[in-house]
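A.B. asks: These are the residues of each chain, in order.
Number of protein chains: 4
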Amino acid sequence: MSADTWILTAQCPSRLGTVDVVTRFLKESGCYITEQQSFDDRLVDRFFIRTEFIPQDTDFDAEAFQASFAARAGEFEMVFELTSPGARIPVVIMVSKADHCLNDLLYRYRTGQLSIEIRAVVSNHPDLEGLATWHGLPYHHFPITPETKPEQEAQVARVIEETGAELVILARYMQVLSSDMCEKLSGRAINIHHSLLPGFKGAKPYHQAYEKGVKLVGATAHYINDDLDEGPIITQAVEAVSHADYPEDLVAKGRDIECLALAKAVALHVERRVFLHARRTVIFER
Amino acid sequence: MSADTWILTAQCPSRLGTVDVVTRFLKESGCYITEQQSFDDRLVDRFFIRTEFIPQDTDFDAEAFQASFAARAGEFEMVFELTSPGARIPVVIMVSKADHCLNDLLYRYRTGQLSIEIRAVVSNHPDLEGLATWHGLPYHHFPITPETKPEQEAQVARVIEETGAELVILARYMQVLSSDMCEKLSGRAINIHHSLLPGFKGAKPYHQAYEKGVKLVGATAHYINDDLDEGPIITQAVEAVSHADYPEDLVAKGRDIECLALAKAVALHVERRVFLHARRTVIFER
Amino acid sequence: MSADTWILTAQCPSRLGTVDVVTRFLKESGCYITEQQSFDDRLVDRFFIRTEFIPQDTDFDAEAFQASFAARAGEFEMVFELTSPGARIPVVIMVSKADHCLNDLLYRYRTGQLSIEIRAVVSNHPDLEGLATWHGLPYHHFPITPETKPEQEAQVARVIEETGAELVILARYMQVLSSDMCEKLSGRAINIHHSLLPGFKGAKPYHQAYEKGVKLVGATAHYINDDLDEGPIITQAVEAVSHADYPEDLVAKGRDIECLALAKAVALHVERRVFLHARRTVIFER
Amino acid sequence: MSADTWILTAQCPSRLGTVDVVTRFLKESGCYITEQQSFDDRLVDRFFIRTEFIPQDTDFDAEAFQASFAARAGEFEMVFELTSPGARIPVVIMVSKADHCLNDLLYRYRTGQLSIEIRAVVSNHPDLEGLATWHGLPYHHFPITPETKPEQEAQVARVIEETGAELVILARYMQVLSSDMCEKLSGRAINIHHSLLPGFKGAKPYHQAYEKGVKLVGATAHYINDDLDEGPIITQAVEAVSHADYPEDLVAKGRDIECLALAKAVALHVERRVFLHARRTVIFER
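Protein chains in written order, with the UniProt record's numbering: chain A, 1 to 286; chain B, 1 to 286; chain C, 1 to 286; chain D, 1 to 286.
Calculated directly from the structure, the hints in this document are not laboratory data.
A few of these clues could be false.
When chains are identical, the list treats them as one kind, so a pair holds in a single copy or across two.
[What the hints assert, rightly or not] Below, in silico cross-link-like pairs of lysine-lysine (DSSO-like), each with a Cα-Cα straight-line distance of 27 Å or less:
1) Lys149 - Lys97
2) Lys212 - Lys201
3) Lys149 - Lys212
4) Lys97 - Lys204
5) Lys149 - Lys253
6) Lys184 - Lys212
7) Lys149 - Lys264
8) Lys201 - Lys253
9) Lys201 - Lys97
With these hints in hand, go ahead and build the complete structure from the sequences.
C.D. replies: Following this line, the structure appears as structure tokens:
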């Protein structure tokens, strides 16, 4: 993607002219389309489109563009979003004790591979403070007990709000969020679960996998919703295992695919390649 | 594997000397070991070993070998099997209407890729008779209804017995076998299920997968046992899918991995690479 | 893809309005776009687009559509193609002695998985006649020697011409085509090479791979051009191998990926997902 | 692997009794074998074996074990190595500017995933000092120019010698080592090359890959030898790419597989799963 590339994403009910309303406007606005993908889900009659474009006019006025397009989009009940070149989503990362996903995300962050701006790391344990600090990031340790859960979640919510985080990444945060919290973060919190959901939901999925004698273990990155481990799936990854892998070996083998699946899901999200509708995602990969 | 390679497989409770009892005997019998794998499952204290060897004496006497080895193996409560070069397992294949797995197996069979000897194809439908006949194989059409199920299974059992089949391959046979039949075929019947078990057990797994919006579909080849879709897993395979794949597309995309997973499981079984213990398999891949 | 879905594909030099000229016309023609992908290659300034659409008018007039669109496309130097629902490309398959790719293609053909119409099978050996015949296909045995190569190619060319084949599939045809023949078939002949091109070009790639001790073998489906094994790549597939795989084992292990890579390339081609420009392909996968 | 597991590895010319000489000795020494793999390469008549075992006697005397075994092994011209539980190989890592592989190795190192002890990081650039320092590791910056190459290599060699490094990891060290250095490090230096060797040898492999329009890019971890990019291969990994990936995208996409292939190769090496013979490796994976 060139440094001057904008992204326009939209979805709306299916109807004749859904593509045209987008592409004609871009043409009329002097915007050159470099990549475009659209999909119409015929089972739910819903249209999705993602367009990368480069304005030919160097004085491209994003606000005017949005205001003008809103009028046309309205006729199609179209929800849209315009993303400017180099936009970086403000992010809060939540962790517990396992550090592999955090380490991986921080590496990609500091080397500029992910267009995010990490505003804070939040944890129910103190363990990963050093890692966050080395990256110059604020680290909030909010311990949790069954009794203090509501308060702890309020603390977390406050950090999310005060930092202006638009995306929350649960990088092996081992606490079940309350329904209330799930709803608040609906569509903007990505969790990594260490199994191929919906298989092995709940606790200790690798131990469940060992019991069943599976030959593949997996990881699933998904948006959280109020149904635990049932949120819309973004990416899944697998790794071959054998009889010689004991549960602790599965845990170890799974780390790499957890990192990769989560990092890929975050990248897809920040590049506006993921569309959420009902309990499913539409994903326009490059 | 050279044309003169024998295979010795064995399992027994864990104990000092389990490898030595096998390898010392082979040495003393003038057998040259070309490949060997052993594994000791420390969670269940069970030992497994597979050895490929070439007798240096051209007059190798398999019966005498077995008789002599039985004495030593007995001390270790070792169950063993000796497989001669070029041995071909007698097989019965069971199908319904879908022909992709059958077609794949028959191709590998007629080109000598699988060391099996197909004695018959059995089906509850007449559809695949032409395919079997072209390959010169007897085709038994045994229709089934809820009422006639016991009789039908008796017919099937008779074919298995009369043909001397040591292995039964359920190549998309869409009927649930009775507990009785499952027990009778325990450890010698391989089924292909079109999901990553234990996910999406039961009927229409691809439709279940679509509902959940998964990004990977899978196939599982497993030994049948009396717990439906819960038999010991031999192989699993996956295929990436997207939002643009409707249920019928998942069905289509899954065919290739079903064929591959089943063919691989059969190959592993006939090459004596699969060891069954309790609800799990030990698999020594090349 | 629904049964009433048309496909419009096009490419042209990069210019403002390339998407709009397509989508506006479709809108004005009352065509509902169900899926669309476009890409603009900034290194060669070339634009590619593929659109699936359903005409809202049941009396959709394809000829009129093309005539009208041609005028607008002309302004953009746009080359386009309109494909009707259920269109089946006439195909000639070329083979030698190895039958795995042919067997695989014929299976997919007879079960309707590939929108092709096989008009003939051509070979320089008599071996695969039975397989073709069982599928009701004409089989032409044109032996070849260094001396008779020009004549043999003329015979092949005649079959291609007389059958009206628009696509030629070289399903392990082990002869090098002449430059003349390559040129004649440029962009409409797909070959399967049993390596990850450009690695291991030429003869006996699996033996070359064994010599190098690689841990992965591969297969490449590509359009032929006049530079042997250097034609534009459509698909590539890999398979893990180990030290225990001798050259003949690599040959055996490679068969499955050869079948899969070739079948996938053919499917991509017939679904008009492959765009050829210079020595590279643009592929819009589902 | 339990905490009290020893590893015995050996290789020798093929001969009757090669397995027995190992396993009988282990039995007589009261060593319980938990996992064993052997392979006999019939094309070069060479035997390889790897055994994990747990001494039943808590006073296991490794020196006495080796001395006794050496006598028997000598009769078979057998080269062997005994590795104690928890042994950690001293390592020097060499880098240039790219930090992804170093970052990945350091993460695995500090979390105990790799049984290595990093003694120093050496580079021809100053860039990665901070990363090494944060992990408490000495960082040696030895700049290099065509003129100073011999001296620079002498500096590197001195660090390797003084730290007692048994393994050198070239984690994207972008300098070609001299033949002399290659020879000195033969069999104990692992390099990561960013292509599927032997494809795209030399400089800028991703750019070469782009030119050829490949659909898969790869990475190869191999022992260095005096023939550049031709050393014995340990692991290879691949990643799918598309027409929309420009050369810089291939570079980015390749980073993950480079990290994974290198880390896996190092793990295989330190777990004594890799056997080197002539220009090929035998690898006993779990």
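A.B. asks: None of the hints should be skipped; say for each whether it holds.
C.D. replies: Hints, verified against the model:
Only within a single protomer do Lys149 and Lys97 lie at most 27 Å apart by alpha-carbon distance; the minimum there is 18 Å, versus 45 Å between protomers. Taking CA atoms no more than 27 Å apart as the test, Lys212 paired with Lys201 passes in both settings, with 14 Å inside one copy and 13 Å between copies. For the homomeric pair Lys149 and Lys212, neither the shortest alpha-carbon distance inside one copy (33 Å) nor that between copies (30 Å) is at most 27 Å. With identical chains, the CA atoms of Lys97 and Lys204 are at most 27 Å apart within one copy only, with a shortest distance of 15 Å there and 39 Å across copies.
Taking the closest pair of Cα atoms, Lys149 and Lys253 never come within 27 Å of each other, the shortest separation being 32 Å inside a single copy and 40 Å across copies. Taking identical chains as interchangeable, the C-alpha atoms of Lys184 and Lys212 lie at most 27 Å apart only when they sit on different chains, with a minimum of 22 Å there against 36 Å within one chain. In the homo-oligomer, the alpha carbons of Lys149 and Lys264 never lie at most 27 Å apart, since the shortest distance is 30 Å inside one protomer and 40 Å across protomers. Taking CA atoms no more than 27 Å apart as the test, Lys201 paired with Lys253 passes in both settings, with 18 Å inside one copy and 25 Å between copies.
For a Cα distance limit of 27 Å, the shortest separation of Lys201 from Lys97 inside one copy, 20 Å, qualifies, whereas the shortest one across copies, 34 Å, does not.
Hint check: violations occur at hints 3, 5 and 7; the rest are consistent with the structure.
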